[in-house]
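Chains as they are written, first to last, in this note's numbering: chain D, 173 to 603; chain Z, 173 to 603.
Calculated from the structure, these hints are not laboratory results. Where hints are given, some of them may not hold.
Note that the list lumps identical chains together, so a pair holds whenever it fits in one copy or between two copies.
Below, in silico cross-link-like pairs of lysine-lysine (DSS-like), each with a Cα-Cα straight-line distance of 30 Å or less [stated by the list, open to error]:
#, residue 1, residue 2
1, K228, K209
2, K468, K599
3, K258, K599
4, K590, K240
5, K591, K602
6, K265, K520
7, K596, K228
8, K181, K476
9, K363, K206
10, K602, K214
11, K596, K265
12, K240, K206
13, K209, K181
14, K591, K439
15, K446, K240
16, K468, K590
17, K265, K599
Number of protein chains: 2
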Amino acid sequence: MNIQEIAAKAKQASIMLAGTSSQLKNAALSAIAKALKDNSAKIIAANKEDLANAEKDNLAAPLLKRLKFDESKINGVCDGIESLIKIDDPVGKTTSALELNEGLELYKVSCPIGVIGVIFESRPDALVQISTLCLKSGNATLLKGGSEAANTNKTLAEVIAAASETAGIAPGWLGLMETRDDVAEMLNLHKSIDLIIPRGSNEFVQHIMTNTTIPVMGHADGICHVYVDSNADLDMAVNIAVDSKCQYCAVCNAMETLLVDKASAEKFLPMIKKTFDEKQVEVRGCQDTAKVIDVKAATEEDWKTEYLDMIVSIKIVDDLDAAIDHINKYGSGHTDTIVTKNTDSAEKFMDLVDSADVFFNCSTRFSDGFRFGLGAEVGISTNKIHARGPVGMEGLLIYKWKMKGSGHIVADFSENGKKYTHKKIDKTFKI
Amino acid sequence: MNIQEIAAKAKQASIMLAGTSSQLKNAALSAIAKALKDNSAKIIAANKEDLANAEKDNLAAPLLKRLKFDESKINGVCDGIESLIKIDDPVGKTTSALELNEGLELYKVSCPIGVIGVIFESRPDALVQISTLCLKSGNATLLKGGSEAANTNKTLAEVIAAASETAGIAPGWLGLMETRDDVAEMLNLHKSIDLIIPRGSNEFVQHIMTNTTIPVMGHADGICHVYVDSNADLDMAVNIAVDSKCQYCAVCNAMETLLVDKASAEKFLPMIKKTFDEKQVEVRGCQDTAKVIDVKAATEEDWKTEYLDMIVSIKIVDDLDAAIDHINKYGSGHTDTIVTKNTDSAEKFMDLVDSADVFFNCSTRFSDGFRFGLGAEVGISTNKIHARGPVGMEGLLIYKWKMKGSGHIVADFSENGKKYTHKKIDKTFKI
């Protein structure tokens, strides 16, 4: 099958999946977990092939570590599936109910989005997590993993598809894309695909966004800030800034720019410089910063840069307003933190900073689906339409309006004087 | 100011609007209503100019009627503003709250989307409705109305902007685009504009969608169906089909194709044909339909056509599954109705038809923001991302994640054994 056929089959399956019972979906999830364990030898063998190829290609050690998929990883994803089974089915939830007239009732009911195309990095765990999250939320999915993991992904997808389809899920709900050409072709299939979630570099996400009319949920950049207010606990500020920068610097929720209120600068900058030096963080600063501590000069370009490295830029700002302006101008709408003892300042910061995650007195590094208690995460969205910030299962749902009447027609209201009651009712949808 | 400057100013204003109190927004809405009444002579004079130009240009009578903006229309929009003042501020609502650890609390809080560009048809009432809806929901807005209403719109926008800004709303929150070039330029301003809502013809909406990377909320088409099941009350089915087609045929929620179960066809088709003939509806039918009643032959093209006219196509289908398949293949995801006495069939239809509005035993014409009790309507969305079906104020909101801690850092969890509690808390966000 080519991608067009795979996508059309997924679309067909997605219609059936939207009406599949929780019981059947959970039974399929159990079957998947069992099949992954039963086929662990086969999966690990496929992964060993990928590892051998990757070593031949001199893949960097951290990437090799992410690629490795062994018994303990299999147990890990199976634990994830077990917790997915336990949570409530998110489909079919009534979120509002209104009587329009006697016997005419309108319900807003959650439903799956349809077919979701996900492009993810080399970690094969992601294939299991994303596909099972899609299944639980009633979505069909087309997946493309990193080419380094091609054998592992193929085996995993086969095992998952076979087990779920034997359990009664509509065939074709899980499609695997294997090449970059497959991905390029997918971008044109707006009749079959409802949402694309690209995970990867900023350039890659931008590339996807500009080359498709299908809605894309992706984060473009993670330029996160910590703002140390005039009225901050400076020891706390050091702790938070260091955690935000250094706890894991290669990720999107790490701090890139530290904004320091001019009233705090003289005392705070030497404190943070000392810790950054110990941690071997390269510090770049604005002209005012350079008057207080020894730093490389930061340029305009620094404020726009996601280093993803042990580099930080520091800017002294006049006040809270200037900090908010800087973040809204240079930030990427991801995660920004204020450190302050002044709750009015915190409130203003959290209202006016136009980012998905706005934090008060805690590290930017908390911006994460697991830490947010969302369970598995399909990604972090800097979109402002639909879903924002860490996205769990809720981000894979939309709603439909279901209305039931007993022959109601509009003419009776428009021409014959019938009135809309618009009375809220406390009911969940049921025919 | 050019459009780029107007948009940049709107962006700036949107930041302030996001933090503006309900009290101030409501005071501004009151001031707007008062100013509209105080300036009614000026508004009506501007409208008379537009009407005179439109008559010179031989604008059709129904369009002239929509263009007219007199004392009673002014009172109408002011009533709308009064009801907008009364409803709860939708901004700042906590929709979920979770303790991550002692003193570390995560809140999901509703917030405005930002700057919304709306392109609407000639009706000047729309300018007042949309701008006040945006103001109440904390969004800045750039508006482009029909060129026939240029003078009326300019006067209305000036009155609204002046009154609201005097009341204390950030200047520039309401920008007016006046030419097609302005709209073309807006499509490139993805840094300043967060969402575009185009209202107008299908071609126009498609044109906008393919020419911008800004998210677009628009309905592409309204190809709505009524399906008469094997087990339908046929008198009810006639009523619903006639209302869906004829009550107002030029609108997106009117029925275009009538699907009839083969078990109902022989009895139902002569009944509906009689009424359609009385109403002078042109009936086109599939081959099987032509065996029962006298119709023009429908072609493949008919199933894909939004007539927006007194024309209907009829297809006989084998069963419920075939009806669902037809709708998912040819429909536009707008509004579809099943007429049946069988609740299992209704449930299946409503689960598997992939449309924004799925109705049971009532007319497709109910698909409308006012009838749905949403108050003013910004449009009807056939998107599946973000908002779907009739869109009221809720569709102008998104959320942010607000988290408050007391110095919490990730390292304590990742390296020092601190545990996430992930305990639901029953609190609304407050610093």
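Could you place K446 and K240 in one of the four classes (within, between, both, neither) given a Cα distance threshold of 30 Å? neither (38 Å within a copy, 71 Å between copies)
Is it within a copy, between copies, both, or neither that the alpha carbon of K265 lies no farther than 30 Å from that of K520? Answer is between: at 16 Å across copies they meet the 30 Å cutoff, but 35 Å inside does not.
How would you classify K590 and K240 at a CA-CA limit of 30 Å: within, between, both, or neither? Between copies only: 27 Å across, 67 Å inside.
Can you tell me if K363 and K206 fall within 30 Å by alpha carbon in one copy, between copies, both or neither? For K363 and K206, neither the intra-copy (34 Å) nor the inter-copy (48 Å) Cα distance is at most 30 Å.
Which holds for K209 with K181 at a C-alpha limit of 30 Å: within a copy, between copies, both or neither? within (28 Å within a copy, 58 Å between copies)
At 30 Å max between alpha carbons, let me know whether K228 reaches K209 within a copy, between copies, both or neither. within (29 Å within a copy, 78 Å between copies)
At most 30 Å between alpha carbons: which applies to K591 and K439, within, between, both or neither? Classified as neither; 68 Å inside a copy, 33 Å across copies.
Between K240 and K206, at a C-alpha cutoff of 30 Å, which is it: within one copy, between copies, both, or neither? within (21 Å within a copy, 69 Å between copies)
Alpha-carbon proximity context of K468 and K590, limit 30 Å: For K468 and K590, the Cα distance exceeds 30 Å both inside one copy (74 Å) and across copies (36 Å).
Homomeric proximity label, K596 with K265: Cα distance no greater than 30 Å: both (16 Å within a copy, 19 Å between copies)
Can you tell me if K468 and K599 fall within 30 Å by alpha carbon in one copy, between copies, both or neither? Neither: 63 Å inside a chain and 45 Å across chains, both beyond 30 Å.
For K181 vs K476, is the C-alpha pair at or below 30 Å within one copy, between two copies, both, or neither? Answer is between: at 21 Å across copies they meet the 30 Å cutoff, but 43 Å inside does not.
Of the numbered hints listed earlier, those contradicted by the structure are 2, 7, 9, 10, 14, 15 and 16.
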